[in-house]
Amino acid sequence: MSEPRRNRGPRGGLLIVIGICLFLMLVSSLSPGFARVLRDGIGTVLMPMQKGMNRAGSYLSGRLEDLQELRRVREDNERLEEELGQLREENAKLKLNEQELAAMRELLHLQEQYQEYESLGAHVIGRSSGNWYQSFLIDKGSKDGLEVGMNVMAGGGLVGLITAVGNNHATVSTIINTGRYVSAMTTRSGNSFIVAGSLELYADGMLALESIPLNADVEPGDMVVTSNISDVYLPGLLIGYVEETITDANRLQRSGTLRPVADFDNLDMVLVITTLKSTGETP
Numbered sequence: 002m003s004e005p006r007r008n009r010g011p012r013g014g015l016l017i018v019i020g021i022c023l024f025l026m027l028v029s030s031l032s033p034g035f036a037r038v039l040r041d042g043i044g045t046v047l048m049p050m051q052k053g054m055n056r057a058g059s060y061l062s063g064r065l066e067d068l069q070e071l072r073r074v075r076e077d078n079e080r081l082e083e084e085l086g087q088l089r090e091e092n093a094k095l096k097l098n099e100q101e102l103a104a105m106r107e108l109l110h111l112q113e114q115y116q117e118y119e120s121l122g123a124h125v126i127g128r129s130s131g132n133w134y135q136s137f138l139i140d141k142g143s144k145d146g147l148e149v150g151m152n153v154m155a156g157g158g159l160v161g162l163i164t165a166v167g168n169n170h171a172t173v174s175t176i177i178n179t180g181r182y183v184s185a186m187t188t189r190s191g192n193s194f195i196v197a198g199s200l201e202l203y204a205d206g207m208l209a210l211e212s213i214p215l216n217a218d219v220e221p222g223d224m225v226v227t228s229n230i231s232d233v234y235l236p237g238l239l240i241g242y243v244e245e246t247i248t249d250a251n252r253l254q255r256s257g258t259l260r261p262v263a264d265f266d267n268l269d270m271v272l273v274i275t276t277l278k279s280t281g282e283t284p
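Everything in the sequence shown is counted per the working numbering, starting at 2 for the first residue and increasing by one.
Mixed in with the good hints, there may be bad ones.
[As the list claims (entries may be wrong)] Simulated DEER-style distance windows between Cβ atoms:
{"hint": "1", "residue 1": "R75", "residue 2": "Q114", "range": "53 to 61 Å"}
{"hint": "2", "residue 1": "D269", "residue 2": "E82", "range": "54 to 62 Å"}
{"hint": "3", "residue 1": "I230", "residue 2": "G180", "range": "16 to 24 Å"}
{"hint": "4", "residue 1": "L200", "residue 2": "D269", "range": "18 to 26 Å"}
{"hint": "5", "residue 1": "Q87", "residue 2": "P236", "range": "17 to 25 Å"}
{"hint": "6", "residue 1": "N78", "residue 2": "D264", "range": "55 to 63 Å"}
Please keep in mind that the hints were generated in silico from the structure rather than gathered at the bench.
Quick caveat: nothing in here was measured; it's all calculated off a predicted structure.
Ideal placement from N, C-alpha and C gives every residue a C-beta, glycine not left out.
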């Protein structure tokens, strides 16, 4: 039995290609006209294919350039958005720094106004629920020498007093609370009366004036400060200005409204006067 032949396929293909080449060379040498016709026929078939390939290549090249340009535009947009985010963050930081600087200048001005008292600046770190700061937390406490009863100022005027103290924080109850009373007087005439907290009145930005003597010289625009007879507030602390006064129905005394100096809607930094009214000394 004979051994099977191997690798006849590749050799056979090579022989066919060689045969075709020899045939074309022979035809070309014997009949130039036929060779020309053959070339023209091949050109007729191949030229449209070549043009189509050229068009396809140009289209694909253009699309590739468009995609590259789109990628560059997206990368530029991402870079610009990142830079814009950084600028916004830096701008926000600058605004916060400006606000804090303004608040610190305000505290410094307060310290200069009440330099006869020892004082300490503090940041507001929390507040009671609601639209206004009825009570709030500050970031100073007993470790900083704070005690219950110390008066608190902000925005140029009296805010309230400390009612609870922790190691590193304290609670301040404000004078706008209903039921909070401050003995007060005008700087012009020295007449005394009561400034009363009222959340209802503070909706219009006001506090109540009570127990004004009927013949007292108290007029709109008068500056109102804490009086000497207050049992918890130090004397001479600015509260606000008289808005109006009216005679009560019993015609025995007058009442009215006062516009406070402190902004109880926006408290950020406060000044704690560390001198206590009960002792007159700094702890």
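Hint check:
1. R75 to Q114: 53 to 61 Å: Taking Cβ atoms as reference, R75 and Q114 lie about 58 Å apart, which means the hint holds.
2. D269 to E82: 54 to 62 Å: Given a distance of about 31 Å, which is not inside 54 to 62 Å, the answer is violated.
3. I230 to G180: 16 to 24 Å: At roughly 19 Å between Cβ atoms, G180 and I230 fall inside 16 to 24 Å, so the hint holds.
4. L200 to D269: 18 to 26 Å: Since L200 and D269 have Cβ atoms about 21 Å apart, the given range 18 to 26 Å holds.
5. Q87 to P236: 17 to 25 Å: violated, 52 Å
6. N78 to D264: 55 to 63 Å: Because 42 Å falls outside the window, the suggested range is violated.
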